[in-house]
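Novice: One-letter residues, chain by chain:
Protein chains: 2
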Amino acid sequence: MQQEPIRRSNVERTRATRARLLAAARELFVAKGYAETGTPEIVAAANVTRGALYHHFADKQALFHAVVEQESAAVAQEIEKAAPSSMPPVDALIAGGVAFIRAMRAHGRTRLLLLDGPAVLGRAELDRIDLETGALGSLRDGLSAAMASGALPSLPLGAFTALLSAAFDRAALAVDDGADPTDYETVIAAIIDGLAAQAHAKNVEP
Amino acid sequence: MQQEPIRRSNVERTRATRARLLAAARELFVAKGYAETGTPEIVAAANVTRGALYHHFADKQALFHAVVEQESAAVAQEIEKAAPSSMPPVDALIAGGVAFIRAMRAHGRTRLLLLDGPAVLGRAELDRIDLETGALGSLRDGLSAAMASGALPSLPLGAFTALLSAAFDRAALAVDDGADPTDYETVIAAIIDGLAAQAHAKNVEP
DNA sequence: AAAAGATACATACAGTCTGTATGCTTACCA
DNA sequence: TGGTAAGCATACAGACTGTATGTATCTTTT
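Heads up: the protein sequence lines correspond to chains A and B, in order. Everything in the first sequence is counted per my numbering, starting at 40 for the first residue and increasing by one. Everything in the second sequence is counted per my numbering, starting at 40 for the first residue and increasing by one.
Hints listed in this document are in silico derivations from the structure and should not be mistaken for laboratory results. A virtual CB, placed ideally from N, CA and C, is assigned to each residue, including glycine. Watch out, some of these pointers could steer you wrong.
The calculated lysine to any residue pairs, modelled on SDA-like cross-linking and capped at a C-alpha distance of 25 Å, are [claimed, not checked]:
1) A:K71 x B:K99
2) A:K99 x B:R167
3) B:K71 x A:I133
4) B:K99 x A:G161
5) B:K71 x A:T225
6) A:K99 x B:G161
7) A:K71 x B:R167
8) B:K71 x A:A97
9) B:K99 x A:A74
10) B:K99 x A:S124
11) B:K71 x A:N86
12) B:K71 x A:A74
13) B:K71 x A:I168
14) A:K71 x B:A163
Derived contacts from chain A toward chain B, CB cut-off under 7 Å, selection only [to be verified]:
15) P195
16) F199
17) G217
18) P220
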């Protein structure tokens, strides 16, 4: 039983190895957390050696970074599908929020993006990822549009985005932990409605 | 130079050793994070041996747990001083929020309570600590009172508490990171005002 | 197409860390 | 005052991380 050495291009080898490592790492990081997952375990699950891992990634943290980026992009994609920029601002905001909470129910996402992510990579880096390839960008653009259209009151964009994002994050965590989604959707709706009402009030006065 | 062996009671020895360990651990966990801080480094800074550490704490995580509990209690104390339960509900809510954000500016608190805490101990445990000895209990009681008095609309208490808490947490993080506090206070005030307006509207209708 | 070089990977190793086991010293208590 | 338990020190086993070095496979150049 001689193993014929198949000829594969380098780019294909790289693609395959990285994919196996990312898949195995995601699985284990989700199941046991970043700290409790060792690189020997990861490479065993991926059927490669530690040499391959350290060839493709600077260190364990870089591997985790890649997993998080991939996951963040996946969430963003689901949101943009559910709340395209063609929607009216406030509708898009609500639809996007619901889509976000739903997307975050995919197994392990809350742990990767909301628990281990900020601790391992730092909140600043997590925010960067979330803004550039994740859901935070959509939220900020949505809020900006809603404020411009007068549907929401004019508030400091950065703080507004950060606080709403935090609320959505916590809601996603709770729902993924088994809480009733409607409870959280009710509160979020109440918050947004309250703000919208303020915007209308302001628009009528002058 | 003979070191006279001072006679100390066991409870005093324990108290002193635990205090030194907690202080040294807090300092290092804040400076380098939980994962990057080793027990050899901690005991060196505390001038004890690893034997002492493992005599008083089950493991490194238990030591971290004690640090977090201590920190959480300190924050709660500052809040209760600034927003005693004698205050009218909504005033207490605002004052408590401002006090929370200020209290969290104490060096390292955001890292301990908002970044490493949830990742190392798990969000469920962090919530338990925060509810029993921390600021979350104050917030929940405040919201409950405000809803009962009709100052805020009736919403699911658990979700309401969680989402507002998340917003306060993120505000504290941002402010501690150098953001302008007034931006965040503005948005939080807008959110609470919007909710309060809804409560008033409902109270007039029927 | 053969040599030279780069890329992908494998293996071995050094350093460090964690938790435990074991022994000694000091305080407590009957 | 002698036995017991608590506090602490030291030594050790196992595991993990990152690096260094060696080898095979692909790519480029001439």
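Novice: What hint numbers does the structure not satisfy?
Specialist: Checked against the structure, the hints that fail are numbers 2, 3, 5, 10, 11, 17 and 18, while the rest are satisfied.
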